[in-house]
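Chains A and B, in that order, are what the protein sequence lines are.
The first sequence runs contiguously to residue 173 in numbering that gives the first Met the number 0.
The second sequence runs contiguously to residue 292 in numbering that gives the first Met the number 0.
Careful: at least some of the hints might be erroneous.
Unchecked claim - Computed cross-link-like contacts, DSS-like style, restricted to lysine-lysine with a CA-CA straight-line distance of at most 27 Å: (1) B/K216 - A/K27; (2) A/K59 - B/K189; (3) B/K111 - B/K189; (4) B/K111 - B/K241; (5) A/K70 - B/K247; (6) B/K189 - A/K70.
Source of the hints: derived by calculation from the structure; they are not laboratory data.
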Amino acid sequence: MNIISNFVFRQSICLSTRHLLINSRTYKSNLSYDKLFPNSKSLDILSGPITAPTNESTGKDKFNGFIPTDKLDITHRHARGPGGQHVNKTLSGVEIRFHIDSATWIPDWIKPRFRDMYQSRINRDGYFIIFSDETRHRLLNQAQCLDRIRALIRDASIIPKGLSEEERKTIEQR
Amino acid sequence: MPIERGLQYLRHMQRVTLKNLPMPLEKTDKWKKEHPDENTIKSIMSRKGPISRNSLPPYGIDPIQAEGRLPWILTVPKEPYYEGVEEARQYLPISLRTLQRLIDLRRINPDKPVDLPVLCNTKLFSIQPDQRQFGLQLTDEGADLFSTPINLEIQWVASELAIAAIERCGGVLTTRYFDPISLSALVDAKKFFERGEPIPRCDTPPINAIEYYTDPKQRGYLANPDLIREERQRLAQKYGYKLPDSSKLSPLFHLRKDPRQIFYGLEPGWLINLKDQTILKPTDNKYQTFYHS
Numbered sequence: 000m001n002i003i004s005n006f007v008f009r010q011s012i013c014l015s016t017r018h019l020l021i022n023s024r025t026y027k028s029n030l031s032y033d034k035l036f037p038n039s040k041s042l043d044i045l046s047g048p049i050t051a052p053t054n055e056s057t058g059k060d061k062f063n064g065f066i067p068t069d070k071l072d073i074t075h076r077h078a079r080g081p082g083g084q085h086v087n088k089t090l091s092g093v094e095i096r097f098h099i100d101s102a103t104w105i106p107d108w109i110k111p112r113f114r115d116m117y118q119s120r121i122n123r124d125g126y127f128i129i130f131s132d133e134t135r136h137r138l139l140n141q142a143q144c145l146d147r148i149r150a151l152i153r154d155a156s157i158i159p160k161g162l163s164e165e166e167r168k169t170i171e172q173r
Numbered sequence: 000m001p002i003e004r005g006l007q008y009l010r011h012m013q014r015v016t017l018k019n020l021p022m023p024l025e026k027t028d029k030w031k032k033e034h035p036d037e038n039t040i041k042s043i044m045s046r047k048g049p050i051s052r053n054s055l056p057p058y059g060i061d062p063i064q065a066e067g068r069l070p071w072i073l074t075v076p077k078e079p080y081y082e083g084v085e086e087a088r089q090y091l092p093i094s095l096r097t098l099q100r101l102i103d104l105r106r107i108n109p110d111k112p113v114d115l116p117v118l119c120n121t122k123l124f125s126i127q128p129d130q131r132q133f134g135l136q137l138t139d140e141g142a143d144l145f146s147t148p149i150n151l152e153i154q155w156v157a158s159e160l161a162i163a164a165i166e167r168c169g170g171v172l173t174t175r176y177f178d179p180i181s182l183s184a185l186v187d188a189k190k191f192f193e194r195g196e197p198i199p200r201c202d203t204p205p206i207n208a209i210e211y212y213t214d215p216k217q218r219g220y221l222a223n224p225d226l227i228r229e230e231r232q233r234l235a236q237k238y239g240y241k242l243p244d245s246s247k248l249s250p251l252f253h254l255r256k257d258p259r260q261i262f263y264g265l266e267p268g269w270l271i272n273l274k275d276q277t278i279l280k281p282t283d284n285k286y287q288t289f290y291h292s
């Protein structure tokens, strides 16, 4: 059985490599991608223009949601709770730390508000720590940490409107 | 004047009786029979039953035939747990863990595109097109273990985590629909070529599947490539990894099949001769227009 499966595998490779090497014959039907999407900017999935933010937000703008994962310190730790050997052995908890003052991807006007609002998560050295071990997968825990960071930054960036003069006058009258 | 009219009747009619005289419609016996008033209705109808007790069944049911109870088909409750199971599509599951294992054991070559015939050649999955099975689906068990970049083509993905796990390692995922005739060709490729049939042209998906295969979030093969790129960036930001630089990737990851094409490198309409190692291509115009449409 092994020999036969090898034979088939080799045959299919030989037919496909010959064509890949021959370079060129690309089959195009009526449903090919250039006919389905004539107005697209680039037909390749991997390369091309994107509208979502791919760069950090600069010092004075609003936070645009981009977090550069190189600048975060991500560690995998043991998760808490029941689960026996599986929980003890696998490192599915994710802890993310970053230094607030040296983070270039947070706009400067949010940083003092951020430090005020979330004092309980901030270190003496100025590191912001967040930990998640709620799911069984490391990727999902990482996603949850990042989602929380984004939500906290957005909360810190909301400045309340304040009372206008008319409202103050009506309150004083009462 | 009514008197004049009466005298005219006397002149022109053969016989004048009470029944002959033209009366307003509502006073004739015929009309009264067709439109009985409330008291006559009550005297005709039974003194028992839903009508007399003011508990009529809902509209559409004859109260006299119902005999005071709902018909059987309405009293028995409907429990549609298996509704639509005869038309539902089935996909056999393959987890990221088994994929990684097959790559580590060298049963799958990650340097070549991994699609359905490659996975079926491992003989781990028996896909039966006549049992309404339409291919393989990717499950997210083993998402943390997966660590090879591959160009994967699968038929269904249910969870975003599976897509993110593949793209995190630098791979590419597309979901692709194959109709049952093409599927029987793909599942056992050698047997299909020995049958001596030309390679079929893949159909477009059925209407209840089009929404899935044109969705960039599921990486459908009929989705707009611009939107797919946005989704890749979105997932990279959500799960916290960096997308690889597209210029440094090998041409393997740019390979993609045409929506009508089944095998990489082979066009629909071609006849493969395994014994003489030749390929026969149609030259007639009508075949060429059909297979290129």
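Going through the hints against the structure:
1. B/K216 - A/K27: Within the cut-off at roughly 25 Å; holds.
2. A/K59 - B/K189: violated, 63 Å
3. B/K111 - B/K189: Roughly 19 Å separates the two Cα atoms, so the pair holds.
4. B/K111 - B/K241: At roughly 23 Å apart (the allowed maximum being 27 Å), B/K241 and B/K111 satisfy the hint.
5. A/K70 - B/K247: Answer holds: A/K70 to B/K247 is near 23 Å, not above 27 Å.
6. B/K189 - A/K70: Violated, because 51 Å separates the two Cα atoms, which is more than 27 Å.
The structure does not agree with the numbered hints 2 and 6 stated previously, though it agrees with the rest.
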